[in-house]
Structure formats: C-alpha cells, structure tokens
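These are the residues of each chain, in order.
6 protein chains.
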Amino acid sequence: MPVTYIEYEDATPEVRAVYDDIMATRKTDWINNFWKALAQDPATLRRTWEAVKEIMAPGALDSLTKEMIYIAISATNQCGYCVATHSAAARKAGMTDEMFGELMAVVGLANQNNGLAAGYRVEVDEKFR
Amino acid sequence: MPVTYIEYEDATPEVRAVYDDIMATRKTDWINNFWKALAQDPATLRRTWEAVKEIMAPGALDSLTKEMIYIAISATNQCGYCVATHSAAARKAGMTDEMFGELMAVVGLANQNNGLAAGYRVEVDEKFR
Amino acid sequence: MPVTYIEYEDATPEVRAVYDDIMATRKTDWINNFWKALAQDPATLRRTWEAVKEIMAPGALDSLTKEMIYIAISATNQCGYCVATHSAAARKAGMTDEMFGELMAVVGLANQNNGLAAGYRVEVDEKFR
Amino acid sequence: MPVTYIEYEDATPEVRAVYDDIMATRKTDWINNFWKALAQDPATLRRTWEAVKEIMAPGALDSLTKEMIYIAISATNQCGYCVATHSAAARKAGMTDEMFGELMAVVGLANQNNGLAAGYRVEVDEKFR
Amino acid sequence: MPVTYIEYEDATPEVRAVYDDIMATRKTDWINNFWKALAQDPATLRRTWEAVKEIMAPGALDSLTKEMIYIAISATNQCGYCVATHSAAARKAGMTDEMFGELMAVVGLANQNNGLAAGYRVEVDEKFR
Amino acid sequence: MPVTYIEYEDATPEVRAVYDDIMATRKTDWINNFWKALAQDPATLRRTWEAVKEIMAPGALDSLTKEMIYIAISATNQCGYCVATHSAAARKAGMTDEMFGELMAVVGLANQNNGLAAGYRVEVDEKFR
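Protein chains in written order, with the numbering used here: chain G, 1151 to 1279; chain Y, 1151 to 1279; chain U, 1151 to 1279; chain S, 1151 to 1279; chain C, 1151 to 1279; chain E, 1151 to 1279.
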C-alpha cells in the first residue's frame, strides 16, 4: 500500500484552511509531505498543526533553539524525515555550521551518557532528588 | 494496582513445571520476579522461558558473550530490571571488572554514534549495500 | 550486586586527578554519582569527562542551550538520572520556569511527530534530500 | 554485503516446512522478506514464526486489535519495515481509515506524554503503586 | 531539586478550570501527578489535556483499545509512570487478565521483531511500498 | 539540503591526519561516509575517531565481541547505517553465519523481555539491588 498524500487541489475546505495557515505562517507557497500525509485525518492535521504553531513560535526560547532541540530528539529517535525537515528549518532560522557541529556533539554525548548511566545503574544523588 | 507475583506455592501445575525447569537449568533454588510476574499468563511464561533457555544457552557464542549483548541492549533501552539481573548473570558467567568496563564503553560509543549517524543523515556506502 | 561508587578518599591518583578537574571546572566541592560509578573504569572516566568538558563548554552554542538539548535527549530516552542532574545544571546556567516549560513542550511535540512520521510512513520531500 | 533472502526453491526442507505453514496459515501464496531473511537461521525462523502464529491469533483480543498494537510499537521504534507490513495486515483485518487515524493519534499522544512524564520527572501516584 | 506538583488549592483559576474538566470528564475527585506537574506550565497543561480528551475518547476505536495501545507504547519506551496510570485506566475500561496477557505478548513480539528486522536489514517488499 | 561529505582531496590537513590514521589503523585505503560527514566538524571527527580507536581495540574483550555488541545496540536503535557498517566489520573480524544468527536471536529476545519487564512493571529483586 503506497503512502497517501493529499494535494491542495484534492483537499476538503477544512484541510485547505490548515494548508493555507501553514503557508501563511511560514511565508512559503508549498506544503511538505508530513502535512499531506496527516491530511488523511483532518482532526489530527488540525490538532498537530495548532500544536506546532503554538509550541515552535518564539517565546522564552527563540525559534532556532527550539528547532535544534527538535533535531536532537529526532536524531535520538532515528526519525530520518524529521531530521531532514527540521535541519532545513534550523538553517533557515540561522543555524551555522559551527552551531550544527556543537548540536551534534551534544546529541552524541547525551546518548552516550544515557546508556552509561543505565548500564552502571547510577542512582540519583540525594541532592538532585 | 500493585504488581502481582505468583509464588511457587500458589502456582498451578503448569506454572510450577516452568519454575522447576528454570531452577533445574540454572541450578538455583529461587525464581526471580520477572518469571513470577509473567506467570500471570502461563502461555507467555512458557514461551518466554523456552526462548530464553534455547537462545541463551552456549552455542556459536558462549553464555558470557550472550549475557553481555543482553546487558548492552537493556542499557540502551533503559530497562533497569534487565540490566540488574543480567549483570548478575554475566558476573556469574565470568565477566570481570575489565570486561564490564569495556562493555560499557562500547554501549556508550554505539549509542553516541547511532545518534551522530542519524543527525548527520549519513547514507550507507555503496560498498555496504 | 549493589552499585559501586568510588569515593575520593578511596580513589587512585589517576581517578583523583579527574575528580579534581571536575570540581575545579564546575567550581564545586563534590562529585556526583555518575562519575563515582564510572571511576570503576578509569579510562572511561577520563575519556567521558574530557568529552563532557570539551562539548558542554560554551562555544557557538551557550551552556544553557547545550544543557537544554541534553535534557531533551535524556527525557526522550527515559534516563531519569540524566534528566535530574542536567535539569539542575540548566537551572544553574539560567533556565527559567518559562524556558523549562517551552523545552518540555518541544520534547513532547517532537516525540509525537517522530511517531506520526513513522506511522504514516512519510517520505522525505524532494526538496530536503 | 547485500542482505540475503532464502527463496523457497533454495530452502532446506526444515525452512520449507515453515514457509508452507506461513502460507497455509495466512492463506497466501508468497513469503515476505522478513521470513526469507530469518531463514538464514532456521532455529530463529521456526521460533519466531511459532511465536507470531501463537500470539497474533485471535484470542481475548481480536486480530485487528493486535495488528494495531503491533503498528503502534513499530512506529514508536521507527521500524519502517514493520510499519509497512503490519499496516497491510491490519487493513486486511478490517482497519478503516478512521481507525488508522485514531491509532496514529494515540501513537503521537503516548509518545508525547512519555517524554513529558520523563522530563517533568513525574512520580507514580500512591494510588497506582 | 524536587519535582513540583501544583495542588488544586494552590492553582490559578486557569489551572483549576483544567483540573475541574479532568475530574468532570473522568468522573473522579482527584488529579494524578502528571497533570499536577504539567500545571507548572498552564499552556502545556491545557493543550495536553485537550489532546488527551479528544484523542482518548471513544470513536472508531473504543476507549479500551486506545488505552491498550497507549500501554504498549509506554512499555516500549520504558515509561514506568505511563504504564502504571494507563494500566489502571485500561482495567477500569474493562481490560481482563486475559486481555492484558495478550497485550503484553504482542508488546514482547513486536519489540523482538523490530530488532530482528533492523539487524537483518530487511527491505520493504515490493508489494508493501 | 543534501548531506555533505568531505573527500580526502578537499580536506584540511587536520582532517587528513585523522583520515590517514583511520586508514592506517584499519589497513584500508578508503574512508566510509560516517567519517566524511563528521569531517564537517573537525573537533567531533577527531574526538569520535579517538574514542572508536581506543574503545574498539582488543582488550579484555576481543574485537569481534565488541563489534557484535555494537551491532546489537544499533539494531535496537534502528540505525541502519551502523548495522550495515559494523556487520561488515564483524564479518571481517571473524563473525560466522552461526554467530550472526545467535547474535540476532539475543537481540530479539532482549528487546522482547525489556518490553515485558516494563509492561509487567517488574521490580528489581532484593537480591539484585
């Protein structure tokens, strides 16, 4: 069974409204596959887009920091799609080669130390409880 | 809802037969919590024990190597129970402090590099396809 | 088998040198359990500390950003120890309640969308390849 | 090194017996790659097929429910192969577009909340212990 | 740093409104720790509760099926808190011992086969693309 | 954005020195994609290679055992790249078909039992604490 993507011209008004908001918010004229796949379920499309719009907007953390956190999680989970799209978003938000290098270094380090902490069965220090 | 453990004296003959085989195979006189929890579902208890007995027995790989592989996976998955029990089993099978140290170093390294490979989106080399 | 922690007074000179460098670098007078557990294997202790010291130092990304990325990965991996210690480090580096709230929102969102991308089998857009 | 698949005509009698049982049980005339790869190790092929046959058969839970649970786990683990094959199986067992949409929504939600629970370090309520 | 839980009596009107809706929807008179921790960030509390309320409600899939899918993911991710609370919810929704046993069997099987598919590098069959 | 690989002829002297050491240590005349991607960040390239060289060298555990542990973790994490490259390395270090079969069987089993232990909420036995 091939993956189904709903194109704008085939979309219901409800789906089109979300697509329009995505393009307006991102100031682009296209929709990436993630949304076109979710559009099979308009409720999930809407809920997910609203969460992305609310959460990824600049606040106490700026957009670049949020995109880098998103990449770190996606690399940890081996989500190739998510790494690819959010790397593009992070670059657009100003991520330099140096920043990307340091981001990756932390990704490697934290995954390493998470494994070590579990393997050595390290208990939380009194102080951090 | 507390976790339920089926003790030997409360077990059905079917469950007791598995417990007996575990103790005979391992040359011990007690059953650890994993099996006492699984005993709530005798079919899973039996199937899981038979798989453990078959897979963890020495073959092309010796028992110690298998226990260390098991620990590596359990640390990666953050399964505290599994790390604790299989570390004991590995020690019993001859794992020295030096071996454990090197095992953990590989656990850290592989988890680090898995994250880096995903984050850098590294493609499989022609040669390894 | 209980977890083994090497206290300063029981440590070899090689281990003490690492402990001293940790305390000097962090301007504290104590060592947390992670290092005391790793000290069972001085080579891993040294290598891991050197990586932490090098990677977590401010560079193109500041310390706070790095600590938040570290927390995001640790929460994704369900590493309770790592979340606890690096939350403390992030607070020390200036993480406010608002920042922590937004960090967690991104953690939830990315983990959600990683699962959706896999379940919907979304393919990387031509543009992001 | 390319992946090795054992075709029916190249299989040993032991492997053919498993292939025959797979096709008879599933009422199909072909074998998917998973089994053809496992056939490199007849013991794992047999053990894994017997577990699948026993576990995925309708019981207290019907086949469709089991297939959806299987998909949820495979999406969480980012196992593209497993999502693809079990999505086909679930469709065959009666999964509608609406059911798939709700399944995915739960996949996203649970992965999100698992991350939040770890990041906020939420402790099990007295009542649930 | 201890985990912070916001009790009803200490909550802002915004948080109380969510707590009230949780208790009304679930027909209970108490709030579990997950929500009391999220309440530190009212926006996340509200968004997460609205998603839970919308997604976990009976639809094309009944509540019990959704709770079991939730448990399967939480066990896969080693989220102890989430397994504990949603096991209670599933029991309340009618999960019998037999159902729980079969759910766990699928959890074990899918995690096993996800690992095998990756280790054997199985490629998606032409038919399932 | 395509993935960037730094070829030997385009590399800085610092990167070339690492490439030379990789080829000399491995007695090969080529560099695989992982290193060519990491070379974008010379500090990570150097640190990672030094860790690999130190950790994967034979010690209390031989190279083959280490490679198999590495594969087990990579399969658990669904890192296709890492499974592919380290399967080749393990074969080179002497892994037979039988060894690979048993390795995979343990990978499946441990991932299964990790899920079962979490789902059944099994507590660590007094004896193993």
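Treat the hints with care, since some could be wrong.
Note that the list lumps identical chains together, so a pair holds whenever it fits in one copy or between two copies.
[Said to hold, decoys possible] 27 Å max Cα-Cα, derived DSS-like pairs, lysine-lysine:
no., residue 1, residue 2
1, Lys-1177, Lys-1203
2, Lys-1277, Lys-1203
3, Lys-1177, Lys-1242
Derived by calculation from the structure, the hints in this document are not laboratory data.
Nothing here was measured: the structure is a model prediction, and the numbers come from that model.
Going through the hints against the structure:
1. Lys-1177 / Lys-1203: Answer is within; shortest intra-copy Cα gap is 13 Å, inter-copy 32 Å.
2. Lys-1277 / Lys-1203: between (37 Å within a copy, 22 Å between copies)
3. Lys-1177 / Lys-1242: Within one copy only: 12 Å inside a chain, 37 Å across chains, cut-off 27 Å.
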